[in-house]
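Heads up, the sequence shown is in my numbering, so the first residue is 12 and it goes up one at a time.
To be clear, the hints were calculated from the coordinates, so they are not data collected in a lab.
For each residue, glycine too, the CB sits at the ideal point set by N, CA and C.
Incorrect hints may have been included.
To be verified - Pairs of lysine to aspartate or glutamate, DMTMM-like flavour, derived with a Cα cap of 20 Å:
hint, residue 1, residue 2
1, K59, D76
2, K117, E86
3, K84, E133
4, K84, E34
5, K84, D115
6, K59, E20
7, K117, E104
8, K84, E104
Stated by the list, open to error - Quick list of the computed label-pair ranges, beta carbon to beta carbon:
hint, residue 1, residue 2, range
9, D110, H75, 22 to 30 Å
10, T19, P148, 12 to 20 Å
11, P87, G121, 43 to 51 Å
12, P64, D129, 25 to 33 Å
13, D116, E74, 15 to 23 Å
14, D116, T65, 32 to 40 Å
15, S150, P21, 51 to 59 Å
16, S150, T19, 49 to 57 Å
17, D128, D50, 48 to 56 Å
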Amino acid sequence: LVDDYRNTEPWSRFWPNIVPIREHITTSQGEFIIDNVYDTADMISGGKPEDRPTVIVIPATVEHDGRTYPVTKVEPEVFADLSGIEEIFIHAEIVPYLDPHALDDKDLSGIILYVPDDLVEEYQNTYPWSLFPDIRPISEAGIETVTIGSAPVNMKYIENRRIVIRHNGRKYSVQGTLLR
């Protein structure tokens, strides 16, 4: 319908300010629903880095069309298949909403939930996040922020017992050496 409004008078006079209320986008971080009214994003799937299938990463924000949207909701589909998952990293600065039944019948033993340091207690007291038996501050996961050039990089993985930093689709050692 957005194109109909863009091509019809008097609405076409509002172009380029005509945007869908909600739109589905896919990024390297996963699939999201962008809410252009509230300027928020719901994570609907993904979060599993291709090179680290035992991890789910929920970003603090997602970028789309030059705008940054905070991730405020995680859909149950993100946790549909937890087989083989060892760690979940949530970078959101507020505890994202999760359907109370999203974790029903899920075996959460052996999965470490890493959250921002100042939100550990809030996750421990917020259902259904509180169902995770092992909730830890992200700082316990190792490196928190790495800078490549002047850009901070928050994504780090352990690969073959070494820490690997991913930035702009490339992998780097902690020393900054580009890896293959």
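Hint-by-hint comparison with the structure:
no.: 1; hint: K59 - D76; verdict: 23 Å, violated
no.: 2; hint: K117 - E86; verdict: 15 Å, holds
no.: 3; hint: K84 - E133; verdict: 16 Å, holds
no.: 4; hint: K84 - E34; verdict: 15 Å, holds
no.: 5; hint: K84 - D115; verdict: 17 Å, holds
no.: 6; hint: K59 - E20; verdict: 44 Å, violated
no.: 7; hint: K117 - E104; verdict: 25 Å, violated
no.: 8; hint: K84 - E104; verdict: 12 Å, holds
no.: 9; hint: D110 - H75: 22 to 30 Å; verdict: 24 Å, holds
no.: 10; hint: T19 - P148: 12 to 20 Å; verdict: 52 Å, violated
no.: 11; hint: P87 - G121: 43 to 51 Å; verdict: 20 Å, violated
no.: 12; hint: P64 - D129: 25 to 33 Å; verdict: 29 Å, holds
no.: 13; hint: D116 - E74: 15 to 23 Å; verdict: 35 Å, violated
no.: 14; hint: D116 - T65: 32 to 40 Å; verdict: 21 Å, violated
no.: 15; hint: S150 - P21: 51 to 59 Å; verdict: 54 Å, holds
no.: 16; hint: S150 - T19: 49 to 57 Å; verdict: 53 Å, holds
no.: 17; hint: D128 - D50: 48 to 56 Å; verdict: 26 Å, violated
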